[in-house]
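**Student:** Letter by letter, the chains look like this.
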Amino acid sequence: NAGVMQNPRHLVRRRGQEARLRCSPMKGHSHVYWYRQLPEEGLKFMVYLQKENIIDESGMPKERFSAEFPKEGPSILRIQQVVRGDSAAYFCASSPTGRGLLVEQFFGPGTRLTVL
Amino acid sequence: AQSVTQLDSHVSVSEGTPVLLRCNYSSSYSPSLFWYVQHPNKGLQLLLKYTSAATLVKGINGFEAEFKKSETSFHLTKPSAHMSDAAEYFCVVSDPSGNTGKLIFGQGTTLQVKP
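Those protein sequence lines, which keep their order, are chains A and B. The opening position of the first sequence corresponds to residue 1 in the working numbering, with each subsequent residue numbered one higher. The opening position of the second sequence corresponds to residue 1 in the working numbering, with each subsequent residue numbered one higher.
Treat the hints as calculated values from the structure; they're not laboratory data. Where a beta carbon is used, it is the ideal one built from N, C-alpha and C, also for glycine. Honestly, I wouldn't trust all of these hints.
Stretch-level coverage of chain A by chain B, calculated; a stretch enters the list once three of its residues show a Cβ under 8 Å from a Cβ in chain B [claimed, not checked]: (1) 11-19; (2) 42-55.
Restricting the straight-line Cα-Cα distance to at most 20 Å, the calculated cross-link-like pairs of lysine to any residue (SDA-like) are [what the hints assert, rightly or not]: (3) A:Lys44 / B:Glu88; (4) A:Lys44 / B:Lys68; (5) B:Lys42 / A:Ser87; (6) B:Lys69 / A:Pro109; (7) A:Lys51 / A:Leu38; (8) A:Lys44 / B:Leu46; (9) A:Lys44 / B:Thr110; (10) B:Lys42 / A:Ser95; (11) B:Lys49 / A:Phe106; (12) A:Lys44 / B:Thr109; (13) B:Lys42 / A:Lys51; (14) B:Lys42 / A:Leu11; (15) B:Lys58 / A:Leu38; (16) B:Lys58 / A:Lys51; (17) A:Lys44 / B:Gly16; (18) B:Lys58 / A:Ser87; (19) B:Lys68 / B:Thr51; (20) B:Lys58 / B:Gly16; (21) A:Lys44 / B:Lys58; (22) A:Lys44 / B:Asn41; (23) A:Lys27 / B:Gly43.
Generate the whole structure from the sequences, applying the supplied hints.
**Tutor:** Spelled out as structure tokens, the structure:
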């Protein structure tokens, strides 16, 4: 059973370009979380999605950032017109269910975004 | 609001000596607490989680943590450090508001293990 897959592992973009980060949850998992880790900091929650639904996007910046989890295919975190401050590691996690506080979230290896 | 504070940003121990990584939490609810480990350029792995069934929680690789409500602490310990334990450790609380299960991370503690 493959774990959470993220690609690309490393992404370099110039200011103003778009970044697309992909996350394939573990088999059987229909709940996806995105977190951002800035240098020397812990992870910060961004968004929680179920298939075709955004459940909680309270951690998403109001502009330039969007996320989706279509019925088929991976979850996508999209950052438009990237700026240097977007440089960070972006982690995806999945769980079989979102309800229940003790449900473990399984993390992917992350995508390290560098904005030049 | 939920929050966690990891009291040490960096801990250095010698191989074979005990490990103590400190964590205090703040929660308006009965908290769910976790410790995750992150090895360089890797994803995060769950070490252990507090289920409220027992205050002393045993995890993988010989780690354990004790939930102390009176002290609002959830410190991580290991009797004897191994070189492979060198990594970043995160104390995490689950935010029950809205029942989304989103996780709130501490700042992290870097564990260095010297030979």
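**Student:** All the hints need checking, so say for each whether the structure fits it.
**Tutor:** How the hints compare with the structure:
1. With 0 residues bearing a CB less than 8 Å from a CB of chain B, the region 11-19 of chain A misses the requirement of three and the coverage assertion fails.
2. Restraint check on the region 42-55 of chain A versus chain B: 6 residues with Cβ-Cβ distances below 8 Å, three needed, restraint holds.
3. This hinted pair checks out: Lys44 of chain A and Glu88 of chain B have alpha carbons roughly 16 Å apart, not beyond 20 Å.
4. For a cut-off of 20 Å, the pair hint linking Lys44 of chain A to Lys68 of chain B is broken: about 25 Å separates their Cα positions.
5. As the CA atoms of Lys42 of chain B and Ser87 of chain A are separated by approximately 17 Å, the hinted pair is consistent with the 20 Å bound.
6. In summary, the hint linking Lys69 of chain B to Pro109 of chain A is not supported, as the alpha carbons are separated by about 33 Å, beyond the 20 Å threshold.
7. For the given pair, Lys51 of chain A sits about 27 Å from Leu38 of chain A by alpha-carbon distance, which is inconsistent with the 20 Å threshold.
8. Taking the CA atoms of Lys44 of chain A and Leu46 of chain B, the gap is about 17 Å. The hint holds against a cut of 20 Å.
9. Restraint check for Lys44 of chain A and Thr110 of chain B: the C-alpha separation of about 18 Å stays at or below 20 Å, so the hint holds.
10. In summary, the hint linking Lys42 of chain B to Ser95 of chain A is supported, as the alpha carbons are separated by about 19 Å, within the 20 Å threshold.
11. Under the criterion of a C-alpha separation no larger than 20 Å, the hint pairing Lys49 of chain B with Phe106 of chain A is consistent with the structure, at around 13 Å.
12. At most 20 Å may separate the alpha-carbon atoms for a hinted pair to count; Lys44 of chain A and Thr109 of chain B meet this at roughly 16 Å.
13. Between the alpha carbons of Lys42 of chain B and Lys51 of chain A the distance comes to roughly 26 Å, so the proposed pair goes past 20 Å and is violated.
14. A threshold of 20 Å between alpha carbons decides the hint, and for Lys42 of chain B with Leu11 of chain A the separation of about 16 Å falls inside it, so the pair holds.
15. Taken as a hint, the Lys58 of chain B and Leu38 of chain A pair is broken in the structure, with Cα atoms around 30 Å apart against an allowance of 20 Å.
16. The hinted pair formed by Lys58 of chain B and Lys51 of chain A fails the criterion: a straight-line CA distance of about 34 Å is larger than 20 Å.
17. Only pairs whose Cα atoms come within 20 Å are accepted, and Lys44 of chain A paired with Gly16 of chain B is rejected, the gap being roughly 33 Å.
18. For the suggested pair Lys58 of chain B and Ser87 of chain A, the alpha carbons sit about 36 Å apart, so the restraint of at most 20 Å is broken.
19. Taking the CA atoms of Lys68 of chain B and Thr51 of chain B, the gap is near 13 Å; set against the 20 Å cutoff, the hint holds.
20. Between Lys58 of chain B and Gly16 of chain B the CA atoms are separated by roughly 19 Å; this keeps the pair inside 20 Å, and the hint holds.
21. In summary, the hint linking Lys44 of chain A to Lys58 of chain B is not supported, as the alpha carbons are separated by about 26 Å, beyond the 20 Å threshold.
22. Only pairs whose Cα atoms come within 20 Å are accepted, and Lys44 of chain A paired with Asn41 of chain B is accepted, the gap being roughly 17 Å.
23. A threshold of 20 Å between alpha carbons decides the hint, and for Lys27 of chain A with Gly43 of chain B the separation of about 17 Å falls inside it, so the pair holds.
Checked against the numbered hints above, the structure breaks hints 1, 4, 6, 7, 13, 15, 16, 17, 18, 21 and satisfies the rest.
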